[in-house]
Amino acid sequence: MHKKGLLGELIQSLCCLPGVGPKSAQRMAFHLLQRDRNRGKLLADTLLRAIDDIGYCQHCRTLTEEDLCGICANDSRDHSIVCIVESPADVWVIDQATIFRGQYFVLHGRLSPLDGLGPDELGLDLLEQRLASGSIKELILATNSTVEGEATAYFIGELAKKHQVSASRIAHGVPMGGELEFIDSGTLSHAFNGRKVI
Amino acid sequence: MKEPCKAWVLMTETAVYLQPAFILQHRKFRETSLILDVLTRDYGRVSLLARGVRKSRSKTAGLLQPFIPLAISYLGRMELKIMTNVEIIPPYHQLQGAALYSGFYINELIGFFLHKDDPHPEIFNHYRECVIDLADSSKTEAALRNFEIDLVHHAGYGLQLNYDLQHNQPLDSLKTYKFDIEQGPIEAEDGKFSGAGLQAISSREFSDPQVLVEAKRLMRTVIDSYLQGKQLKTRLIMSKIIKHTKNA
Numbered sequence: 090m091h092k093k094g095l096l097g098e099l100i101q102s103l104c105c106l107p108g109v110g111p112k113s114a115q116r117m118a119f120h121l122l123q124r125d126r127n128r129g130k131l132l133a134d135t136l137l138r139a140i141d142d143i144g145y146c147q148h149c150r151t152l153t154e155e156d157l158c159g160i161c162a163n164d165s166r167d168h169s170i171v172c173i174v175e176s177p178a179d180v181w182v183i184d185q186a187t188i189f190r191g192q193y194f195v196l197h198g199r200l201s202p203l204d205g206l207g208p209d210e211l212g213l214d215l216l217e218q219r220l221a222s223g224s225i226k227e228l229i230l231a232t233n234s235t236v237e238g239e240a241t242a243y244f245i246g247e248l249a250k251k252h253q254v255s256a257s258r259i260a261h262g263v264p265m266g267g268e269l270e271f272i273d274s275g276t277l278s279h280a281f282n283g284r285k286v287i
Numbered sequence: 101m102k103e104p105c106k107a108w109v110l111m112t113e114t115a116v117y118l119q120p121a122f123i124l125q126h127r128k129f130r131e132t133s134l135i136l137d138v139l140t141r142d143y144g145r146v147s148l149l150a151r152g153v154r155k156s157r158s159k160t161a162g163l164l165q166p167f168i169p170l171a172i173s174y175l176g177r178m179e180l181k182i183m184t185n186v187e188i189i190p191p192y193h194q195l196q197g198a199a200l201y202s203g204f205y206i207n208e209l210i211g212f213f214l215h216k217d218d219p220h221p222e223i224f225n226h227y228r229e230c231v232i233d234l235a236d237s238s239k240t241e242a243a244l245r246n247f248e249i250d251l252v253h254h255a256g257y258g259l260q261l262n263y264d265l266q267h268n269q270p271l272d273s274l275k276t277y278k279f280d281i282e283q284g285p286i287e288a289e290d291g292k293f294s295g296a297g298l299q300a301i302s303s304r305e306f307s308d309p310q311v312l313v314e315a316k317r318l319m320r321t322v323i324d325s326y327l328q329g330k331q332l333k334t335r336l337i338m339s340k341i342i343k344h345t346k347n348a
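Chains W and F are the protein sequences, given in the same order.
Under this note's numbering, read the first sequence as residues 90 to 287, first letter to last.
Under this note's numbering, read the second sequence as residues 101 to 348, first letter to last.
Calculated directly from the structure, the hints in this document are not laboratory data.
You may find that some hints are simply not true.
Each computed BS3-like pair below joins lysine-lysine, with the alpha-carbon atoms no more than 27 Å apart [as the list claims (entries may be wrong)]: (1) F:Lys316 x F:Lys275; (2) F:Lys340 x W:Lys251; (3) W:Lys251 x F:Lys239; (4) W:Lys250 x F:Lys346; (5) W:Lys251 x F:Lys346; (6) F:Lys340 x W:Lys250; (7) W:Lys112 x F:Lys155; (8) W:Lys226 x F:Lys346; (9) W:Lys112 x F:Lys278; (10) F:Lys239 x F:Lys343; (11) F:Lys216 x F:Lys333; (12) F:Lys343 x W:Lys285; (13) W:Lys251 x F:Lys333; (14) F:Lys292 x F:Lys278; (15) W:Lys250 x F:Lys159; (16) F:Lys333 x W:Lys250; (17) W:Lys250 x F:Lys239; (18) F:Lys343 x W:Lys251; (19) W:Lys226 x F:Lys343.
Per label pair, the in silico range of CB-to-CB distance [stated by the list, open to error]: (20) F:Ser302 x W:Val286: 44 to 54 Å; (21) W:Ser257 x F:Leu336: 24 to 34 Å; (22) W:Gly110 x F:Met178: 18 to 28 Å; (23) F:Lys239 x W:Gln147: 38 to 48 Å; (24) F:Ser158 x W:Asp204: 42 to 52 Å; (25) F:Lys316 x W:Gly110: 43 to 53 Å.
No residue lacks a Cβ here, since even glycine has one placed at the ideal position from N, Cα and C.
So that you can see chain W by itself, here it is in the shape it has in the complex (with noise of 0.2 Å):
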């Protein structure tokens, strides 16, 4: 469904969110045109601006526009713990949900030898020199609960070990609130696996 014209190609961008089908790219374009022009410019300036200016942190590989991202450029937080993350949404998540006050590494993917995404891919050059220089006193592992997340943990975990750095896996298991009843056999075994002395 092709429509031609102006309109018909701003439809068509829109597709291109997440979630943002036809339809909803229809209600999008037609809301911005009717009833929110000043607001659609607006819009479509800090698309162009953060499209243009917005880069990966040199030190962490965060998505920012200056050098150093907010928390890698903040004093007051601890440098010597560092958590590593598969994307900077996971950053975001993490920053607003926990009390974690140390920084973050961003590897933008997970191993996946399958695909041939290796460690050439995940910057795990810049982060091995962030462990020699010796700054790096514990690794936090939050990559995602899935094989590949865990490969990539092993594998980051063992270059914690060669420089001596710390490393820990986040917990996965039954979720706040959830009954046993209603989990399933995966996510039940794995809680066992990884069950606390109390």
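Based on these hints, arrange chain F on the given structure of chain W.
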């Protein structure tokens, strides 16, 4: 009455119930779905679409991972089938750490040696045994060699290790041999394989570390020749990983 009857026939010929299976590879599809490359026991390698399994309330996301023995139900006659149900088959042994990389390797081998929709129940059973053995880190090498030999054999490439066809005599444990992909072992002064080693590999006696080293060399020669110059991605990545972790 005709219509429902027809629909029933249509359903039975395309529905598969609780088929023993392992997921070889999964990739994200759209917002909440996954496309799975699955090894089933009776239907070979199949591509499945698992709809809506990446939602936060999904009950199956934890199960849809490689190396977990599953029973999968699916529907459809097209190349991409729709997954309808998945259950875990206990007991299962979780692969952890280095074993995961071995697991990725055997998954890639399966992807190379087996074509889609080509059933090989024996290979499925060997795969299952291999995954169980890989969970025990002391058995890793033997498990991989066993699986490689079984896979090559059942995929239709015979592996003959007992007889020197060129000299028309059985293997002598004291002599050395070179290995030809078509003819098998051939006696040679400068051969890389020992007669005793090849005999041990043939009878799957992997308790001697030296035999394991020879078996690895042999299977690498065999597999590489079938790959015809194609590189295994898992092997490439593995060598990079070893380089990263070992150069202290």
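Below or equal to 27 Å on CA atoms is what counts here, so check lysine 226 (chain W) against lysine 346 (chain F). 20 Å, holds
Check the following: the C-beta atoms of serine 158 (chain F) and aspartate 204 (chain W) are separated by a distance inside 42 to 52 Å. Hint violated: Cβ distance 22 Å, outside 42 to 52 Å.
Hint check: lysine 340 (chain F) vs lysine 250 (chain W), CA-CA at most 27 Å. Holds or violated? 17 Å, holds
Restraint status (C-alpha distance of lysine 340 (chain F) to lysine 251 (chain W) at most 27 Å): 15 Å, holds
For a C-alpha distance cap of 27 Å, please report whether lysine 343 (chain F) and lysine 285 (chain W) respect it. Violated - the C-alpha atoms of lysine 285 (chain W) and lysine 343 (chain F) are around 34 Å apart, more than 27 Å.
Taken at face value, is the distance from the CA of lysine 159 (chain F) to the CA of lysine 250 (chain W) at most 27 Å? Violated, at roughly 35 Å.
27 Å limit on alpha-carbon distance, applied to hinted pair lysine 226 (chain W) and lysine 343 (chain F): 23 Å, holds
Assess, step by step, whether the Cα of lysine 333 (chain F) is no farther than 27 Å from the Cα of lysine 250 (chain W), and give holds or violated. 26 Å, holds
Satisfaction of hint between lysine 239 (chain F) and lysine 250 (chain W), Cα-Cα up to 27 Å: With Cα atoms ~24 Å apart, lysine 250 (chain W) and lysine 239 (chain F) stay inside 27 Å; holds.
Okay, lysine 316 (chain F) versus glycine 110 (chain W) on CB: inside 43 to 53 Å? 51 Å, holds
Run the distance test for lysine 216 (chain F) versus lysine 333 (chain F): straight-line Cα separation, threshold 27 Å. Holds, because 20 Å separates the two Cα atoms, which is no more than 27 Å.
Does the beta carbon distance between lysine 239 (chain F) and glutamine 147 (chain W) stay inside 38 to 48 Å, or does it fall outside? Given range 38 to 48 Å: holds, Cβ gap about 44 Å.
In summary, the structure is inconsistent with hints 9, 12, 15, 24 from the numbered list given earlier, while agreeing with the others.
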